[in-house]
Amino acid sequence: MLKDYFLFSLNNLKSRKLRSWLTMLGIFIGIASVVALIGLGEGLRNAINAQFGFLGSDIMSITATGGFGPPGTGVVDPLTDKELNAIKNIQGVDNAAGRILESGKLAFNNKVAFGFAASMPDGEDREMMEHVFNLKAEKGRALEDSDSGAVFLGYSFLEEDNPFGKPILPGAKVEVLDEEFTVVGIMEKKGNFQLDGMVLMNEDDLRALVDRADNEYDIIAARFNENADAARIKLDVEKKLRKIRDVDLGEEDFSVQTPEAVLETVNSTLLAVQIFVYIIASISLLVGGIGIMNTMYTAVVERTKEIGIMKSIGARNSSVFTLFFIESGLLGSIGGLIGATLGFLLAKGVALIGRAALGSELISADIGFGLFFGAVLFSFVIGSFFGTLPAFQASKLNPVDALRYSK
Amino acid sequence: MILDLLKYSISNLWNRKLRSFLTILSILIGITAIFALISFGQGINKYMNDFAEEMGSDKVMMMPGGGLASSPGASNILYTDDDLEFIKKIRGVDEATGMLITSGKIEFKDYREKYPFVIGISLESGEKKLVESMFAGIQIIEGRDLKKGDVLKATAGYSNTIPDRMFKKRVSVGDKVEINDVKVEVVGFYEEIGSPTDDAQYYISLEGFREIFDIEDYEYIYLRVSPDRDPSDVAERVKERFRKRRGQKEGEEDFTVQTFEDVMAVFTNMILILNGVLVMIALISLVVAAVNITNTMYTSVLERTREIGIMKAIGSRNRQILRIFVIESGILGLLGGGLGVLLGYGIAKIGEFSARAAGLSMLRPAFPWWLTLGCLAFAFIVGAGSGTLPAIRASRQRPVDALRYE
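The listed protein sequences derive, respectively, from chains E and G.
Following my numbering, the numbering of the first sequence begins with 1 at its first residue and continues without gaps.
Following my numbering, the numbering of the second sequence begins with 1 at its first residue and continues without gaps.
Simulated from the structure, these hints should not be mistaken for laboratory data.
Heads up, a few of these hints could be off.
With a straight-line cut-off of 16 Å between C-alpha atoms, the simulated EDC-like cross-links for lysine to aspartate or glutamate are [unchecked claim]:
#1 G:K153 / G:E211
#2 E:K111 / G:E211
#3 G:K249 / E:D178
#4 E:K173 / E:D147
#5 G:K244 / E:D147
#6 G:K249 / E:E175
#7 E:K111 / G:E252
#8 E:K111 / G:E107
#9 G:K105 / E:E175
#10 G:K105 / E:E252
#11 E:K111 / G:E250
#12 G:K105 / E:D77
Chain G stretches covered by chain E per the calculated footprint, using a threshold of three residues with CB under 8 Å from any CB of chain E [claimed, not checked]:
#13 248 to 254
#14 294 to 308
With the Cβ distance kept under 7 Å, some of the chain E side facing chain G (calculated, not the full set) [said to hold, decoys possible]:
#15 G26
#16 I29
#17 S33
#18 A107
#19 L209
#20 N227
#21 A231
#22 L235
#23 A272
#24 I275
#25 I279
#26 I283
#27 Y297
Bear in mind that the values here come from a model prediction, so they are computed numbers and not experimental data.
Cβ atoms here follow ideal geometry from the backbone N, Cα and C, with glycine treated the same way.
Chain G extracted, bound-state conformation (with noise of 0.2 Å):
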């Protein structure tokens, strides 16, 4: 019995070859630009999970006042030694590791300089695994990590492995680098993080920073939290214990303590809201093409009024001829839906393809099953509602007018 109507109603859309693919053109384009922003945001959003997992969900991070608003190296509130051994001593602490940063010139030969982040981390042994930890999984690809003992001696991102991205040519291992006019041992490389200045960072132990810089405060505190305590209380307590140290009151602090997941969860809801923007504008055009498939259908519902006619008097009942023009209009969305999935794939590959030649891999799209399925779903219902009114007309036409229809 379906299996006839389908039969039916796909030779009925046949029969209009160009109006049908019109429609299905119409829906198709909507579903694509839905699937490929969905699957971008989807992506980085995964991405931003993936480097939270990696990291672990019991980091807490210090920061100056103001959160990240302000942008590294810019702050006159930070942190010292002392500030960094009252903090390991907090209870609910396991360990905690400060990190200098500053942006320095770089120079390579004789190429034109560069100025990175460049970012002091303790290679103490304890220290060192949570510096470890802060990565994310983000591995050494060419040479070797920093280890204790390491002084003007460096590791340094992947954009520095690429001829052209930070020098003319690329730096290799056992390279000087000039930070600041010191000349410094480049031993190591990471892998691509995907993002630009992420990629670009040199990084080299505290000792060599000082020597470098005119630094000594950190302006980033890292901890970890012992394994049976709860995150956020011992960043609430560390917050407490800190502000008495600093004599502020509550609400007047200069720092700011965040689990580690907090601040991801700014960053990643940022995201996601513009991303929903953009599928709020681009649903627009689904209206539209609901409007369309409502139009093609009554048209057809016209047209075919005879035919119905004919149908209701050898016994059709409005229900019967209610499902064929709903089913109708539900194939004209879904065939849109599938070839829309397709296309937003294809487009969301090329996206990928030319961020990544940007140096931006980092936007990268994912394609969970439920989005493919979901737009498939949506566009079989856009289908059906639009044509639900015009089939609503045909099941309730009389039989002796629609016959005596021209």
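If we strip away everything but chain E, and leave its shape as in the complex, we get (with noise of 0.2 Å):
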């Protein structure tokens, strides 16, 4: 029974074969743009996810905030050993290290470059640090207690294509903030932008280079035990924190981040970026059910005389519905399944070709079967819609006014 609805509709559709297509084409052009811009749109966000991805879950940071910029700058009130030894003491928590992070230029091969410049601490807090951050050496080695005038780069700058004309190899001599220090050892690539182009060095160099007093860091992170609450610790840490530095609930000047949390705030802006171009690109569905509405209001007015004829012979109001529902959701599946197809080609066309122009890790395409069939089934529920108005228009007509239609 359904069967011959289904064939009765694909005929009719078939039989105008030109309004047909043209109905689809306005869905599927809806659809592949839409699913092309989700597909990249998603793309973008797990790349950016797997920036943070190199952070292991055991770990938090503690900032002092106030003001704005990058962790460090412009704090009123920075974090001291108190604020340290006190994290070092809460229960859970296996070890807690401070670190300072400041700007600066880094010259080579007469070519400078601006970026960040943080310290590693020394002894047992530096094995954490290489633990948490996963920092091993690709050439050369990792710096060590025992250096001075030592700096450990991140991956970037052994790359051809780094600000300085040429890689920067173990050995050679580099000027940071115009002292000179001896490159060490490259780290391991982390495909994360500021590891890769970090420069670590130890904490008295980096103290004595841009005169921070003794006591002070920019950011502490701590380690906690696997199976430990890490919420628990959290709200720990910042009731001890308020109490050390007397400030009350809600008004912290420091903030307590887990990788989880950091990666929220990232995902929750990147996601209201995301739909509103999502809202402007669906504008284009809305236009393609509208013309599937309009092409049902017409079939159903040149085929008044037959679904007279139709009802005469004993046909129901629900099945001659049934018969214009069936044909308008068949409008909208089919265009949507050429354009969720059309999409999938675009968006991995556009990451390909993004790929090699820009060579920006951040261009991929990623459409799961998630997205292929979530957008063939809301184009089928966009033309059941917009096709439900003229099928019951349809499924109202009365039969002897039908059959004396004329156009």
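From these two lone chains plus the hints, build me the complex, please.
Right, here's the structure in full:
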């Protein structure tokens, strides 16, 4: 029975090939663009998430806040040894280490670049840092306690297309804020632009270089027991720090963040942008839907006589409704199927060209089965939604009037 | 003749009200989105241009290396007083002034403290004038401006006069706030700039700034170029001289010198590109609308086959038939465009009000005449263009076949 409906609908669509194609064209342009944009958007989001993926789930970072900009800048009341020791003593915290971060310039081969330098603590704390950030040397070696006047550089300094015109290799001399340092090693590639562009040096070196007080830190990294309850430790840290810094709940001048929380902030901003773009893109789907509605109204008018005949030989209102409803649903889903396929190809193509042209790993397309079939399903819904009114009009026709109708 | 054609087309569209309405609706939606998006892009562009114009094209900015990529207060590369004196003496530099900037803790009564930027500016008469021109026409609306001799006195951005925006209650002229625990009297307020960061700022004399913060050196230096000099040339010269002073090689500078126009152009371009991408996405819906118009027109050609046959039989030329259908679809497009412009205007206005309510009054749409005209023309062209194929089919029909058509 249902099969008959489908065959009948398909025949009707076929007999008005041009019009059916044009209607579907509208839908598939819309679906293709939405699928392509969502695919690229998701790709971008995954790429950004991967930038944070290096962080273990057993670490949290504490920064003093106030002001704008990257961690440690414009802070009024910096973190000190007092906070560091308090954090170390919290139950569940394995270890904690303070670091300082400074912006600056690095010169090599008569060229300069601007970026961040971060300090590495000594001894046990160094091991913890190396473990947490998985700091292994690609070339040369990592920093050691006895190093002085030495830097350990991120992977991007080793790449051919770095701003210095040639790769920096271990043993090279570079100038950081006009002081000479020896490169002892290059870090393994992390796929994270911050880490890959990072300049690491021993804490004493960095403090001397930028003239920072001994007991101030820009960021404290705390590693906790993997089995411990991260949320509880976070609360404990916040409570301790509020007491030390004498601030009330809700007025903290510091922030405690787990990698997941950082990721969440980034994701929610990105999501807002994505949603805005999707909304604009789905305008074309709305227009495509209106096209379906138009086509179906025309079909109902043209087939008034046919409907009259069907009704007079006993077709029920519901059968007539189903007939037209299926027809518009088919228009939607066939259009959606073609559109989703095109969108898939389009996104992959753009990602391919974008990568080749810009060399940016942020451009990638991620289209899963969910998105693909979701799009097809959605276009079916659009088709049947916009077909409902015309189908309803068809089903309500009075057989006598319908039979008498002439164009 | 044309009038007859128009009448005929309109009555045809009127006869198929529902279908015409849906077709118009589909083009209307796209035009609405495009009109609203472009009006915002143009508005921001205009805001920037007005700002640059107020400031004049004779200003040059010196920043830490890397330009504005790093946020204020974050750089280790600063300019000293000696640097400033050196720059003032370079030929072509009419006047120069340094700006101290950092984020400070502002406390007002017992309300929750805030951390806006605090900016130290020179109040020496010559430099003060340059500072004023950097404000680009942004006026003091309450109280007075800072004047020579003011030390622990500050002017503040507009947000401070609005309850619940900075502090729970507004700050008034004569109130004392604490900047990093130092009591400072607020003597005046600036009008709204329209960006939350700028509207929160506090301005204080260089002396006051150095008393409160442990910062001696300038992050930015602004210069005015002598009237008969080309700003780009002077920027180049300053760069060269200053490079020599710091003993740096070309391409290895740790500072950036740019004319203010170039600085602005970077921002304007970025905004226009973003806006352009959104408009392109919205254009997709117009493509779909064009397909809808084509579809409607094909249907209407089909329905009126006999009519076309009769017209031809009594002497209509192909050209005339073609014209009838092209005009009909053009009218569909034009109507959609007209309504779309109206609706787009409404939506842009709503957007403006909600942005203003959120303290982002720099996000305001502009409606240049060419935008309205362009949207209308574009809608008409899309309509007429997508009606062309069906119209050609109509005009090529053989009268005999057309008359016989059922």
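Q.
Quick check on S33 (chain E) please, does its C-beta sit within 7 Å of some C-beta on chain G?
A. OK, holds: S33 (chain E) within 7 Å of chain G, min 5 Å.
Next item on the list: Return the status of the interface hint for I283 (chain E): holds when the least beta-carbon distance to chain G is below 7 Å, violated otherwise.
Entry: holds, 4 Å
task: Please work out if K111 (chain E) and E252 (chain G) have their alpha carbons no farther apart than 16 Å.
output: This hinted pair holds, its Cα atoms lying about 5 Å apart.
Under the criterion of a CB-CB separation shorter than 7 Å, is I29 (chain E) in contact with chain G as hinted? holds, 5 Å
Close enough to count: is the Cβ of I279 (chain E) nearer than 7 Å to one in chain G? violated, 9 Å
Proposed proximity, D147 (chain E) with K244 (chain G) (alpha carbon, max 16 Å) = violated, 34 Å
Compare the distance between the alpha carbons of K111 (chain E) and E211 (chain G) with 16 Å, and conclude whether the hinted pair is satisfied.
Distance of about 37 Å is beyond 16 Å: violated.
_Checking hints one by one. Is L209 (chain E) an interface residue toward chain G, by the C-beta closer than 7 Å rule?_
violated, 9 Å
For the pair we were handed, K105 (chain G) and E175 (chain E), check the Cα-Cα distance against 16 Å. Roughly 35 Å between the alpha carbons, so the hint for K105 (chain G) and E175 (chain E) is violated.
Take a quick look at whether K111 (chain E) and E250 (chain G) sit within 16 Å of each other, Cα to Cα. holds, 9 Å
Open item on the list: Between the alpha carbons of K105 (chain G) and E252 (chain E), is the straight-line distance 16 Å or under?
Closed with: holds, 13 Å
16 Å Cα cutoff - pair K153 (chain G), E211 (chain G): holds, 12 Å
Hint compliance for this structure: hints 2, 5, 8, 9, 19, 20, 21, 22, 23, 24 and 25 are not met, and every other hint is.
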